[in-house]
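One letter stands for each residue in the lines below.
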Amino acid sequence: MEFASLRVNARPDCLRKVITVTMKWRVDSMGRFYDPAEDTVVYFDSHSGDTHLLSDFAAYVMQQLDDQPLTTEELVNKISPAIGSSNIPELTMAVSGVLEELVALDILKRE
Amino acid sequence: MPLLRQLAADDFRQRLAHGKLPIRVGPYIYNVQSNLPTVAAGVATLYRDFRIADPGEFVDYNVAIVHSGLLQPIRGKAKFLFDKKSPFDIIPSGQAYAFLEWGMNWCVSVHTNEYLKLHAAAVSRGDRAIIMPGTPGAGKSTLCAALGLSGWRILSDEHAMIRPNTTQIIPLCRPVSLKNESIEVIKSFSSDAIFGPLSNETHKGVVAHMKADLQADSHDTKPLQATAMVFPRYARDEAQKLSPRRRTDSFILAAYHSFNYSLLCEAGFEAMKTLIENIDCFDLVYHDLDWAVNAVNDLPDRQSGL
Chain A
1 MEFASLRVNA
11 RPDCLRKVIT
21 VTMKWRVDSM
31 GRFYDPAEDT
41 VVYFDSHSGD
51 THLLSDFAAY
61 VMQQLDDQPL
71 TTEELVNKIS
81 PAIGSSNIPE
91 LTMAVSGVLE
101 ELVALDILKR
111 E
Chain B
112 MPLLRQLAAD
122 DFRQRLAHGK
132 LPIRVGPYIY
142 NVQSNLPTVA
152 AGVATLYRDF
162 RIADPGEFVD
172 YNVAIVHSGL
182 LQPIRGKAKF
192 LFDKKSPFDI
202 IPSGQAYAFL
212 EWGMNWCVSV
222 HTNEYLKLHA
232 AAVSRGDRAI
242 IMPGTPGAGK
252 STLCAALGLS
262 GWRILSDEHA
272 MIRPNTTQII
282 PLCRPVSLKN
292 ESIEVIKSFS
302 SDAIFGPLSN
312 ETHKGVVAHM
322 KADLQADSHD
332 TKPLQATAMV
342 FPRYARDEAQ
352 KLSPRRRTDS
362 FILAAYHSFN
372 YSLLCEAGFE
382 AMKTLIENID
392 CFDLVYHDLD
402 WAVNAVNDLP
412 DRQSGL
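Top to bottom, those sequences are chains A and B. Note that the numbering used here numbers the first sequence so that position 86 is 86, with each residue one more than the last. Note that the numbering used here numbers the second sequence so that position 7 is 118, with each residue one more than the last.
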């Protein structure tokens with residue numbers, strides 16, 4: 001029983017590692033932004049027709065995906081110099097949170 | 112084009128009874144029909160200064176409130192017809208006038224998509240117009256009526272129609288719908304207020320409509336430039352204030368209050384963006400109507416040019 005239990009625990013860890021390395025984030029079709037330089041941005045999702053009120057940070061993260069799908073790590077590396085943050089773990093956590101929220105809103109897709 | 116009040120009383124009644132009363136309202140023509148005396152009284156009072164369209168002009172909306180059959184008058188029932196079809200349930204005759212006005216609103220809400228349509232009152236003074244969106248009960252109609260009685264021109268109590276990618280509002284002046292306590296509030300505010308018939312026990316309570324074309328230019332059809340969007344909110348127990356409102360929040364709330372923003376898709380987004388980025392947005396919390404009118408009078412005079 002103890003051996004079986006170890007194997008059950010080991011397999012998800014192994015899978016998680018593979019997913020983290022390969023998963024990318026993409027936008028099906030970049031919509032339209034209205035950014036009047038407040039701390040929120042209006043985003044029109046041309047794919048769904050929905051309109052969202054996003055934080056300016058979420059909008060900025062999204063706009064980095066305009067050209068091509070990126071992994072979280074690639075996104076963080078792209079964003080870090082632009083926003084002047086060298087605290088990579090903290091930025092990774094913030095970006096990951098935003099990405100999950102954008103997926104929940106059906107704005108972003110995982111691939 | 113004669114004014115409705117220039118028709119002889121018999122001519123008016125005959126035209127109304129037989130559906131030959133095409134009234135010009137902003138860019139549209141409503142042909143109105145009714146065989147109910149209360150509706151005739153309301154139309155004669157509230158539309159007396161509206162123009163009758165020329166024979167042969169295209170009628171946009173054929174509307175009627177009628178008793179049909181032998182039993183409806185006895186049972187005190189009537190029905191609203193649009194193009195001779197009945198889109199709603201039969202209603203008590205006592206609500207007929209309010210229902211005619213709501214039906215006329217419905218025509219524009221459902222059928223007109225050449226403009227971005229906001230569920231909002233709109234008023235103007237000089238060449239400056241203000242849009243006032245609001246949920247039912249927020250106090251937009253009461254404030255609209257008070258502004259109309261204070262020298263502002265009422266462009267609409269219900270539909271702010273925005274020409275896409277501009278800040279231009281298309282005037283659509285029709286009577287202002289007031290409910291319950293607001294009726295007495297406006298009667299106390301000004302003895303100049305002219306009301307149509309009371310409609311009792313509607314789903315909104317007691318409803319009365321106030322004559323809205325109070326200015327010499329009330330029936331001009333030229334679009335006016337919006338310079339501000341004010342979100343009024345009646346709150347008896349809160350401090351009164353007029354405060355700037357963020358554009359992004361205003362965008363979302365105005366879209367929520369739109370009849371056709373979603374329907375217009377990307378064109379709707381672009382129209383709303385153009386509007387919001389070229390006007391100023393405010394929250395107006397009030398419980399004293401005189402204070403609210405003064406607050407609107409004192410809004411900064413932003414110049415818009417789209």
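Calculated directly from the structure, the hints in this document are not laboratory data. C-beta: ideal position from N, C-alpha, C; glycine also. It is possible that some hints are incorrect.
[To be verified] Computed beta-carbon distance windows for the label pairs: (1) B:S299 with A:S29: 42 to 48 Å; (2) A:Q68 with B:D409: 49 to 55 Å; (3) A:E73 with B:N224: 42 to 48 Å; (4) B:D303 with A:S29: 51 to 57 Å; (5) B:N224 with A:K24: 38 to 44 Å; (6) B:S354 with A:N87: 35 to 41 Å; (7) A:S46 with B:W402: 40 to 46 Å; (8) B:R347 with A:S86: 40 to 46 Å; (9) B:Q351 with A:T72: 32 to 38 Å; (10) A:G49 with B:H398: 35 to 41 Å; (11) A:T72 with B:E292: 55 to 61 Å.
[Claimed, not checked] If you want a taste of the chain A side facing chain B, the calculated C-beta under 8 Å gives, among others: (12) R32; (13) V42; (14) S46; (15) P69; (16) S86.
Going through the hints against the structure:
1. B:S299 with A:S29: 42 to 48 Å: This hint is violated: roughly 56 Å between Cβ atoms.
2. A:Q68 with B:D409: 49 to 55 Å: holds, 52 Å
3. A:E73 with B:N224: 42 to 48 Å: With Cβ atoms ~46 Å apart, the hint holds.
4. B:D303 with A:S29: 51 to 57 Å: holds, 55 Å
5. B:N224 with A:K24: 38 to 44 Å: holds, 39 Å
6. B:S354 with A:N87: 35 to 41 Å: holds, 36 Å
7. A:S46 with B:W402: 40 to 46 Å: holds, 44 Å
8. B:R347 with A:S86: 40 to 46 Å: violated, 53 Å
9. B:Q351 with A:T72: 32 to 38 Å: Since the Cβ atoms of B:Q351 and A:T72 sit about 49 Å apart, the hinted range of 32 to 38 Å is violated.
10. A:G49 with B:H398: 35 to 41 Å: For B:H398 against A:G49, whose Cβ atoms are near 39 Å apart, the range 35 to 41 Å holds.
11. A:T72 with B:E292: 55 to 61 Å: Taking Cβ atoms as reference, A:T72 and B:E292 lie about 56 Å apart, which means the hint holds.
12. R32: holds, 6 Å
13. V42: A:V42 check passes; min Cβ-Cβ to chain B is 5 Å, inside 8 Å.
14. S46: Holds - the Cβ of A:S46 comes within 8 Å of chain B, reaching about 6 Å at its closest.
15. P69: violated, 23 Å
16. S86: violated, 30 Å
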